[in-house]
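Student: Just so you know, the sequences run in chain order A and B. In this text, residue positions in the first sequence follow the working numbering: the first is 349, and each later residue adds one. In this text, residue positions in the second sequence follow the working numbering: the first is 349, and each later residue adds one.
Among these hints, one or two may not hold up.
[Stated by the list, open to error] The calculated BS3-like cross-link candidates involving lysine-lysine, where the alpha carbons are at most 30 Å apart (straight line), are:
hint	chain 1	residue 1	chain 2	residue 2
1	B	Lys350	A	Lys374
2	A	Lys455	B	Lys374
3	A	Lys374	B	Lys455
4	B	Lys394	A	Lys363
[Unchecked claim] If the Cβ cut is set under 10 Å, some of the chain B residues that face chain A in the computed set are:
hint	residue
5	Ile355
6	Thr445
7	Met449
8	Thr454
9	Thr456
10	His459
11	Thr464
12	Asp477
13	Thr480
14	Phe487
15	Gln510
16	Asp514
17	Asn516
18	Ile521
[Said to hold, decoys possible] Quick list of the computed label-pair ranges, beta carbon to beta carbon:
hint	chain 1	residue 1	chain 2	residue 2	range
19	B	Pro473	A	Gly414	20 to 28 Å
20	B	Pro453	A	Lys363	34 to 42 Å
21	B	Asn518	A	Gly532	39 to 47 Å
22	B	Asn513	A	Gly414	23 to 31 Å
23	B	Asn518	A	Glu603	30 to 38 Å
I should point out that these hints are in silico values taken from the structure, not numbers from a laboratory. Glycine residues also receive a C-beta, built at the ideal position from the N, C-alpha and C atoms.
2 protein chains.
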Amino acid sequence: MKVVRTITELRSELKDLKSERGVDGKIGLVPTMGFLHQGHASLMRKAKDLSQIVVISIFVNPIQFGPGEDFETYPRNEAQDLELAEKEGVDLVFIPTVEEMYPVPTKTIIHVSAVTERLCGASRPGHFDGVTTVVSKLFNIVQPDMAFFGMKDAQQVAVLQQMVNDLNINVDIVPCPIIREQDGLALSSRNVYLSAEDRAQALVLSRSLQAAKQALESGEARTAQEVRDVLVSIINQSSHAVIDYTEVLSFPTLEPYEDHEDLSERNHATLIALAVKFGKTRLIDNVLIESKEECSHV
Amino acid sequence: MKVVRTITELRSELKDLKSERGVDGKIGLVPTMGFLHQGHASLMRKAKDLSQIVVISIFVNPIQFGPGEDFETYPRNEAQDLELAEKEGVDLVFIPTVEEMYPVPTKTIIHVSAVTERLCGASRPGHFDGVTTVVSKLFNIVQPDMAFFGMKDAQQVAVLQQMVNDLNINVDIVPCPIIREQDGLALSSRNVYLSAEDRAQALVLSRSLQAAKQALESGEARTAQEVRDVLVSIINQSSHAVIDYTEVLSFPTLEPYEDHEDLSERNHATLIALAVKFGKTRLIDNVLIESKEECSHV
Numbered sequence: 349m350k351v352v353r354t355i356t357e358l359r360s361e362l363k364d365l366k367s368e369r370g371v372d373g374k375i376g377l378v379p380t381m382g383f384l385h386q387g388h389a390s391l392m393r394k395a396k397d398l399s400q401i402v403v404i405s406i407f408v409n410p411i412q413f414g415p416g417e418d419f420e421t422y423p424r425n426e427a428q429d430l431e432l433a434e435k436e437g438v439d440l441v442f443i444p445t446v447e448e449m450y451p452v453p454t455k456t457i458i459h460v461s462a463v464t465e466r467l468c469g470a471s472r473p474g475h476f477d478g479v480t481t482v483v484s485k486l487f488n489i490v491q492p493d494m495a496f497f498g499m500k501d502a503q504q505v506a507v508l509q510q511m512v513n514d515l516n517i518n519v520d521i522v523p524c525p526i527i528r529e530q531d532g533l534a535l536s537s538r539n540v541y542l543s544a545e546d547r548a549q550a551l552v553l554s555r556s557l558q559a560a561k562q563a564l565e566s567g568e569a570r571t572a573q574e575v576r577d578v579l580v581s582i583i584n585q586s587s588h589a590v591i592d593y594t595e596v597l598s599f600p601t602l603e604p605y606e607d608h609e610d611l612s613e614r615n616h617a618t619l620i621a622l623a624v625k626f627g628k629t630r631l632i633d634n635v636l637i638e639s640k641e642e643c644s645h646v
Numbered sequence: 349m350k351v352v353r354t355i356t357e358l359r360s361e362l363k364d365l366k367s368e369r370g371v372d373g374k375i376g377l378v379p380t381m382g383f384l385h386q387g388h389a390s391l392m393r394k395a396k397d398l399s400q401i402v403v404i405s406i407f408v409n410p411i412q413f414g415p416g417e418d419f420e421t422y423p424r425n426e427a428q429d430l431e432l433a434e435k436e437g438v439d440l441v442f443i444p445t446v447e448e449m450y451p452v453p454t455k456t457i458i459h460v461s462a463v464t465e466r467l468c469g470a471s472r473p474g475h476f477d478g479v480t481t482v483v484s485k486l487f488n489i490v491q492p493d494m495a496f497f498g499m500k501d502a503q504q505v506a507v508l509q510q511m512v513n514d515l516n517i518n519v520d521i522v523p524c525p526i527i528r529e530q531d532g533l534a535l536s537s538r539n540v541y542l543s544a545e546d547r548a549q550a551l552v553l554s555r556s557l558q559a560a561k562q563a564l565e566s567g568e569a570r571t572a573q574e575v576r577d578v579l580v581s582i583i584n585q586s587s588h589a590v591i592d593y594t595e596v597l598s599f600p601t602l603e604p605y606e607d608h609e610d611l612s613e614r615n616h617a618t619l620i621a622l623a624v625k626f627g628k629t630r631l632i633d634n635v636l637i638e639s640k641e642e643c644s645h646v
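Chain A with its partners taken away, still in its complex shape (with noise of 0.2 Å):
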């Protein structure tokens, strides 16, 4: 495994193993903000599945934070990160300066709409903009032909899945499963920033997303309000939650439903997402239901 701080370093690098391993050989690439966790490592393992080389970018996006976030304070290790990356085989680790990826403050903003506006995109204004943007450098440093990323961030992968359609750009979108602890916490590498107790009343977060969708395929919640009850019950069990947001959407689309519709009538998947803090921490989760189209073919 090598580490590369620049582009230039990453391009030469990505030549010679390319040559090494025969022109042909698919490049996956794993973009993360590093502190990697196990949720990192389900990417790293399916990247070397269908990849010949694997390529892992840490890179806190300062672009993607807006004024009061936790941008200075995100959680950095990079010792701990190498040896992870290591462990599953990663040929390649890009960890640039935010002076290597912008050597002057960018004037070029990618900005998809529609896919952005609920969600995270409305409770973080210009968020969006900056990962679309700073992935699609990193695509354009790396040229991959696969990129992976965690459906924890179900947004993240409809929104890059939204841009690069549109922009016609040459790389397979590869969403991956949420990995979770075995008490039910989705890992995030906020999850650091969690008290003891804190820790504890997060649960309710992924046993409101699994009752929400046992409330929906029973049929005991049949629309977009009920789902949103079930949520907001159990989360509301934890004293600490603050709700930002809970919604039921249509997925990659996110189009959300009426309130009273009738969501066993839908032929898309339904995407059901939270965002709540405890103290300063605010932590994301959801839950994906197949459209029954998709059901009957399994």
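Following the hints, complete the assembly by docking chain B onto the known chain A.
Tutor: Chain B alone, transformed into the frame defined by chain A:
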């Protein structure tokens, strides 16, 4: 020369050409809106000089035209275009339909700030978002090493160079000199719109730019205001000319000089640019004056 109309065909033909001519063969792309003239021919010749595979695209891009602009009436002549491309030794001509490029309306837009805000960017809101978005799509489809653009649209060159720098796009933007008729009129597909009388009067554009350049170089004009006065006095010799803008700016940053700033102090290249309407036909032209520093290296 092959003509392809779909992205799939284009990618497949390019793959064949690459394996024929060696994987290290450079691809040169000349993006055009068709109705090709000797200005385009000069771009193709430059592409042929510098690359092993020459691709031209012919696509009148709807999203770079504003409401009330000439998208519908923009001149088209495919047979004549193919004849010219063949004569210039082009390998591949990509002529997609609007449906091929935009199977659904794009939700993704690339926006470059600052350099888009003056000149044509000010007169044609949204125009450069359309240009950067479609050029980015063409870059992703063709994956060229170099792309060739005429300096007649100097702002387009500056905007695309900014996009390429900001997004780490691995394509060299090669600006090529303006090609003129013997009497000085800059070649443009839109010249075909001009009546005989307007065609004659339109010579004030190149004459005013030459006069402004000489006045600046001789010291007769020293400030942006004095340069603009020279332009305006000559353009106004035409009774049909309606000035959209006359501007004096640094290049490629496109920052305007102060009205009374002494341009002899400048250490940037200076762009003198204008847009003038004759009836419904809007023509642009410009002259670039090297900085003293650049001149002293010659």
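Student: Has the given pair, Lys455 (chain A) with Lys374 (chain B), been kept, meaning a C-alpha gap of at most 30 Å?
Tutor: 28 Å, holds
Student: How does the Cβ-Cβ distance of Asn518 (chain B) and Glu603 (chain A) compare with 30 to 38 Å: does it lie in that range?
Tutor: For Asn518 (chain B) and Glu603 (chain A) the Cβ distance comes to about 36 Å; the hint holds.
Student: For the hint on Thr445 (chain B), does the least C-beta distance to chain A fall short of 10 Å?
Tutor: 14 Å, violated
Student: Verify the interface restraint on Thr456 (chain B): the C-beta must sit less than 10 Å from at least one C-beta of chain A.
Tutor: Constraint on Thr456 (chain B) satisfied, holds at 4 Å.
Student: Within 34 to 42 Å: is that where the Cβ-Cβ distance between Pro453 (chain B) and Lys363 (chain A) falls?
Tutor: With Cβ atoms ~38 Å apart, the hint holds.
Student: Can you confirm whether the C-alpha distance between Lys350 (chain B) and Lys374 (chain A) stays at or below 30 Å?
Tutor: Answer holds: Lys350 (chain B) to Lys374 (chain A) is near 28 Å, not above 30 Å.
Student: If you check the beta carbons of Pro473 (chain B) and Gly414 (chain A), does the distance land in 20 to 28 Å?
Tutor: 27 Å, holds
Student: Regarding Asn518 (chain B) and Gly532 (chain A), is the given constraint of 39 to 47 Å on their beta-carbon distance met?
Tutor: 43 Å, holds
Student: Minimum Cβ distance from Asp514 (chain B) to chain A below 10 Å?
Tutor: 4 Å, holds
Student: Identify whether the interface hint at Thr454 (chain B) stands, where standing means a beta carbon of chain A within less than 10 Å of its own.
Tutor: Hint holds; Thr454 (chain B) Cβ to chain A Cβ min 4 Å, cut 10 Å.
Student: Between Asn513 (chain B) and Gly414 (chain A), does the C-beta distance stay in 23 to 31 Å?
Tutor: 25 Å, holds
Student: Taking 30 Å as the top limit, are the C-alpha atoms of Lys374 (chain A) and Lys455 (chain B) close enough?
Tutor: OK: Lys374 (chain A) and Lys455 (chain B) at ~28 Å, within 30 Å.
Of the numbered hints given earlier, the model fails hints 6, 18; all others are met.
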